[in-house]
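Sequence lines, in order, name chains A and B.
FYI, the numbering for the first sequence is 1 to 367, going by our numbering.
FYI, the numbering for the second sequence is 1 to 152, going by our numbering.
In short, the hints are calculated from the structure, not lab data.
The beta-carbon is built from N, C-alpha and C at its ideal position, and this holds for glycine as well.
Warning: the hint list may mix true and false statements.
[What the hints assert, rightly or not] A short, non-exhaustive set of chain B residues, derived as facing chain A with CB atoms under 8 Å:
hint	residue
1	Ala17
2	Val52
3	Arg55
4	Thr69
5	Leu88
6	Ala128
7	Ala137
8	Val142
[Stated by the list, open to error] Dumping the calculated DSS-like pairs for lysine-lysine here, alpha-carbon to alpha-carbon at most 30 Å:
hint	chain 1	residue 1	chain 2	residue 2
9	A	Lys65	B	Lys133
10	B	Lys117	B	Lys13
11	B	Lys133	B	Lys13
12	B	Lys133	A	Lys110
13	B	Lys117	B	Lys8
14	A	Lys170	B	Lys13
[To be verified] Calculated from the model, a selection of chain B residues having no Cβ within reach of chain A, i.e. all distances over 10 Å:
hint	residue
15	Gly29
16	Leu31
17	Glu44
18	Ser78
19	Lys133
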Amino acid sequence: MYVAVKGGERAIENAHRLLAHERRGDRDVPEVSLSQISEQLSLGVDRVMTEGSLYDRELASLAIKQARGDMIEAIFLVRAFRATLPRFGATEPVDTGAMQVRRRISSTFKDIPGGQILGPTFDYTHRLLDPQLAEGFSPETPETSEASLAATPRVTDILGRDGLIEPSPKADAETPVGDLTREPLSFPADRDLRLQNLARADEGFLLALGYSSQRGYGRNHPFAGEIRFGEVEIEFMAEDVGFAVPLGAIAMTECQMVNQFKGSATEAPCFTRGYGLAFGQSERKTMSMALVDRTLRARELGEEVIAPAQDEEFVMSHSDNVQATGFVEHLKLPHYVDFQSELGLLRKLRKEFAEATEAPPMQEAAE
Amino acid sequence: MTATENDKQAQRKAVMAVLAHSDPSEISGRLAAITLPDHENLREPENGLVMVRGRIGGDGSAFNLGEATVSRAAVRLSTGQVGFGYTLGRDREKARMIALCDAMVQSDEFAGLIETKVIAPLCAAMTATRNRKATEAAATRVDFYTLVRGEG
Numbered sequence: 001m002y003v004a005v006k007g008g009e010r011a012i013e014n015a016h017r018l019l020a021h022e023r024r025g026d027r028d029v030p031e032v033s034l035s036q037i038s039e040q041l042s043l044g045v046d047r048v049m050t051e052g053s054l055y056d057r058e059l060a061s062l063a064i065k066q067a068r069g070d071m072i073e074a075i076f077l078v079r080a081f082r083a084t085l086p087r088f089g090a091t092e093p094v095d096t097g098a099m100q101v102r103r104r105i106s107s108t109f110k111d112i113p114g115g116q117i118l119g120p121t122f123d124y125t126h127r128l129l130d131p132q133l134a135e136g137f138s139p140e141t142p143e144t145s146e147a148s149l150a151a152t153p154r155v156t157d158i159l160g161r162d163g164l165i166e167p168s169p170k171a172d173a174e175t176p177v178g179d180l181t182r183e184p185l186s187f188p189a190d191r192d193l194r195l196q197n198l199a200r201a202d203e204g205f206l207l208a209l210g211y212s213s214q215r216g217y218g219r220n221h222p223f224a225g226e227i228r229f230g231e232v233e234i235e236f237m238a239e240d241v242g243f244a245v246p247l248g249a250i251a252m253t254e255c256q257m258v259n260q261f262k263g264s265a266t267e268a269p270c271f272t273r274g275y276g277l278a279f280g281q282s283e284r285k286t287m288s289m290a291l292v293d294r295t296l297r298a299r300e301l302g303e304e305v306i307a308p309a310q311d312e313e314f315v316m317s318h319s320d321n322v323q324a325t326g327f328v329e330h331l332k333l334p335h336y337v338d339f340q341s342e343l344g345l346l347r348k349l350r351k352e353f354a355e356a357t358e359a360p361p362m363q364e365a366a367e
Numbered sequence: 001m002t003a004t005e006n007d008k009q010a011q012r013k014a015v016m017a018v019l020a021h022s023d024p025s026e027i028s029g030r031l032a033a034i035t036l037p038d039h040e041n042l043r044e045p046e047n048g049l050v051m052v053r054g055r056i057g058g059d060g061s062a063f064n065l066g067e068a069t070v071s072r073a074a075v076r077l078s079t080g081q082v083g084f085g086y087t088l089g090r091d092r093e094k095a096r097m098i099a100l101c102d103a104m105v106q107s108d109e110f111a112g113l114i115e116t117k118v119i120a121p122l123c124a125a126m127t128a129t130r131n132r133k134a135t136e137a138a139a140t141r142v143d144f145y146t147l148v149r150g151e152g
């Protein structure tokens, strides 16, 4: 028998109306604008763009506002939006070596061509709450000094010149690039698909997995070879125009982890790599991503797979917070019929249990 | 492709790059100050997405990083030149203005006007912004020095 239960419409409508009211908060307090979110909560916007997998600061700001600051809800909204637009194609792969660097550090070499540039960072702050920010606070204009015209090559490129680090995998331009938004995941997955999955993955999930690998759950002995943040030019091969057209620049963070060695009877030992790339200034995300990229290469590098961070099916199947929240949160939707059937089964089992235990053990005695 | 065609393509690309980096209100302000040729939309401005690609390790094979919003348009001058406009973001009018400029750059009559009245000042503004960011970053560059302890 199927019984349709109706009657929730008005309650739902009023709940959404109440939500809109609560989202606005005290109406005597000025409403927050999208440009305020974009400018002053910019790292939150970066996270929503990265995990929402859509670079658009204004939309990410709108999503954060609509979601009342709930980042996963905001990411969900952005993912849903991207499904409404047609895709014109894929860009030329970005050249992070040509990035206009705003921050660039290496923990492996003190003196790197182009220098160590700290940029806007929380590093070396004392993590003391600043009461000045509680009131109108106007910071000093940034100090400036003469910019060097020297190039800022990637640290891994420098190591690569001496053969001290493995080269990046090179596929010819004809090889199709895996896209998990077009084909469902299947395992084993190649590194292009794994990196796409990790780029969209929940930062907290990757942080915990990366941390677990550092603590010994999976083989990983990394150095942060380089972290860089800045603007990268985007070009798109437009068929109608006949050449790659410039689209403007996107802010990105890149992390190159340098890990312990591989080698064989025929190949000299060299460092191995883990790679992280994300939209905006997303340093913790790209560091975690690079750690997990490396642990997921266990199979390729002939390492024993013993820890969760090395298990690509485990990692890739649980990394997406929109999927994860969908399945976890669906539990709050009505399950009345399912529950009734379980309740019926439980009552039956309890009845059987009661009958079995209440049955007098007299029979044995009587015999 | 001939050398002249190559030059023309490089010029169009440079113009597109400056415009894509510029604020739409700056572009429209500059365009309003010149007499525009008759033109029509060949393709109505539209929004869409591009999949942004990175490279494994920074220099290896490509992988899909995530998408970005883009706008595109195509404009035809009454004299026949067809221009294309592509830009990040959802500003369709910006894409249309880029297409118009691209068409004008291809016209001997208007190329000089666009270069001097629109592109040159926008390019100067773009360079100034870049330089400002570069000098701000440069001030956070670490200058290591070594403390000499004991007697050498």
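Hint by hint, here is what the structure shows:
1. Ala17: Holds. Min distance 4 Å.
2. Val52: holds, 5 Å
3. Arg55: holds, 5 Å
4. Thr69: This hint holds: Thr69/B lies near chain A, its Cβ roughly 4 Å from the closest one there, short of 8 Å.
5. Leu88: holds, 4 Å
6. Ala128: Violated, because the Cβ-Cβ distance from Ala128/B to chain A comes to roughly 13 Å (cut-off 8 Å).
7. Ala137: At 5 Å from the nearest chain A Cβ, Ala137/B passes the 8 Å test, so the hint holds.
8. Val142: holds, 4 Å
9. Lys65/A to Lys133/B: holds, 29 Å
10. Lys117/B to Lys13/B: holds, 18 Å
11. Lys133/B to Lys13/B: Between Lys133/B and Lys13/B the Cα gap is close to 24 Å, so the pair holds against 30 Å.
12. Lys133/B to Lys110/A: Holds. Lys133/B to Lys110/A sits at ~23 Å (cutoff 30 Å).
13. Lys117/B to Lys8/B: With a Cα-Cα distance of about 19 Å, the restraint between Lys117/B and Lys8/B holds, given a limit of 30 Å.
14. Lys170/A to Lys13/B: Measuring from Cα to Cα gives roughly 28 Å; hence the hint holds.
15. Gly29: holds, 19 Å
16. Leu31: holds, 18 Å
17. Glu44: holds, 14 Å
18. Ser78: holds, 20 Å
19. Lys133: violated, 6 Å
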